[in-house]
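Protein chains: 2
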Amino acid sequence: MKETKLGDFEEVLLLLVGILDKEAYAFKIAEKFESQTERAVSIGAVHSTLNRLSEKGFLKSAMGESTAERGGRRKRIYTITAAGEKALQDSRDFKMSLWNQYPSFAGNLKFNF
Amino acid sequence: MKETKLGDFEEVLLLLVGILDKEAYAFKIAEKFESQTERAVSIGAVHSTLNRLSEKGFLKSAMGESTAERGGRRKRIYTITAAGEKALQDSRDFKMSLWNQYPSFAGNLKFNF
DNA sequence: TATATGTTCTACTTTTTAGTAAGAAATATT
DNA sequence: AATATTTCTTACTAAAAAGTAGAACATATA
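Protein chains in written order, with the working numbering: chain A, 1 to 113; chain B, 1 to 113.
Hints are not guaranteed to be accurate.
As the list makes no split between identical chains, a pair holds if one copy fits it or if it spans any two.
Taking lysine to aspartate or glutamate and the DMTMM-like style, the derived pairs with C-alpha atoms no more than 25 Å apart in a straight line are [as the list claims (entries may be wrong)]:
id: 1; residue 1: K75; residue 2: D90
id: 2; residue 1: K28; residue 2: E55
id: 3; residue 1: K86; residue 2: E69
id: 4; residue 1: K56; residue 2: E69
id: 5; residue 1: K86; residue 2: E38
id: 6; residue 1: K95; residue 2: E23
id: 7; residue 1: K56; residue 2: E10
id: 8; residue 1: K28; residue 2: D93
id: 9; residue 1: K86; residue 2: E65
id: 10; residue 1: K60; residue 2: E23
id: 11; residue 1: K95; residue 2: E65
id: 12; residue 1: K56; residue 2: E38
id: 13; residue 1: K86; residue 2: D8
id: 14; residue 1: K60; residue 2: E85
id: 15; residue 1: K95; residue 2: E85
id: 16; residue 1: K95; residue 2: E69
id: 17; residue 1: K75; residue 2: D93
id: 18; residue 1: K95; residue 2: E10
id: 19; residue 1: K60; residue 2: E10
id: 20; residue 1: K56; residue 2: E23
id: 21; residue 1: K60; residue 2: D8
id: 22; residue 1: K56; residue 2: E31
id: 23; residue 1: K60; residue 2: E38
Since the hints were derived computationally from the structure, they do not count as laboratory data.
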């Protein structure tokens, strides 16, 4: 009986990229993840997941400009591809459909398509 | 670049158990999975996932009565535990919160808590 | 110049999740 | 009695996801 997470880290990261928009670079993503989750992540885990997501074609990325701040190394900014968007959409639709069929949940949400 | 699924098979199975209620036994679950997903599953994969879910304390199960049908072996009926219910609830809340923050999705759903 | 800060990168290991294979129990039909 | 069907079970393998470690780069501050 192990520690428990029904984890779909990738999906969460993908969503965070969408949420952060222009600010979607690994460190910020990790920060956001922690603030939204109370779960710690290592930056390396974020990087490797971001890579995996890119290999799958769900994210693309490009280097931004280096900023004139202390430590201002150039950031790699991630954006969701069309395929990523679709994957997210599909996953959401599917989940919602299941939730809707489960009596314990069906009451407290509504759609409008 | 691999075949693509942001898969969280366990969560889906857990939900299917909730949806199927008294009918939640492995074969039926597999069937339901296929009908809702268009993805094939092997019954073995379902069994091992159901086991994992039970070890984690999200499901419990008991043998039902054998029915008087051809091949009517006794079925193991699964039910969601309180912990399972909570895990599902948490996962849903978290996802919804993320979706709500992502501009591409934020428009087309509403809550009422 | 040395150090701190913010950040990326890659190769690797571990853990978890998913899937396979083979067998067996219970019942119905032939 | 033999066979077909529906179902469960277990031990195992494979694949995917998550996490670690360590190094490096660019800039600012001391």
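Each hint tested on the structure:
1. K75 x D90: For K75 and D90, neither the intra-copy (30 Å) nor the inter-copy (33 Å) Cα distance is at most 25 Å.
2. K28 x E55: within (21 Å within a copy, 35 Å between copies)
3. K86 x E69: Answer is neither; intra-copy 36 Å and inter-copy 44 Å both fail.
4. K56 x E69: neither (33 Å within a copy, 47 Å between copies)
5. K86 x E38: between (28 Å within a copy, 17 Å between copies)
6. K95 x E23: Answer is between: at 20 Å across copies they meet the 25 Å cutoff, but 28 Å inside does not.
7. K56 x E10: Answer is both: 11 Å inside a copy and 22 Å across each meet the 25 Å cutoff.
8. K28 x D93: between (28 Å within a copy, 22 Å between copies)
9. K86 x E65: This pair counts as neither: shortest intra-copy Cα distance 29 Å, inter-copy 44 Å.
10. K60 x E23: Only inside one copy: K60 and E23 sit 14 Å apart there, 44 Å across copies, limit 25 Å.
11. K95 x E65: The answer is neither: 38 Å in one copy and 32 Å across copies each exceed 25 Å.
12. K56 x E38: between (27 Å within a copy, 21 Å between copies)
13. K86 x D8: both (17 Å within a copy, 17 Å between copies)
14. K60 x E85: within (12 Å within a copy, 36 Å between copies)
15. K95 x E85: Cα proximity of K95 and E85: in one copy and across copies (15 Å, 15 Å).
16. K95 x E69: Intra 42 Å, inter 34 Å, cutoff 25 Å: neither.
17. K75 x D93: Neither: 33 Å inside a chain and 31 Å across chains, both beyond 25 Å.
18. K95 x E10: Answer is both; intra-copy 16 Å and inter-copy 12 Å each pass.
19. K60 x E10: within (14 Å within a copy, 28 Å between copies)
20. K56 x E23: Close inside one copy (22 Å), not across copies (37 Å); limit 25 Å.
21. K60 x D8: Both ways: K60 and D8 sit 20 Å apart in one copy and 23 Å across, limit 25 Å.
22. K56 x E31: Within one copy only: 23 Å inside a chain, 29 Å across chains, cut-off 25 Å.
23. K60 x E38: The answer is neither: 27 Å in one copy and 29 Å across copies each exceed 25 Å.
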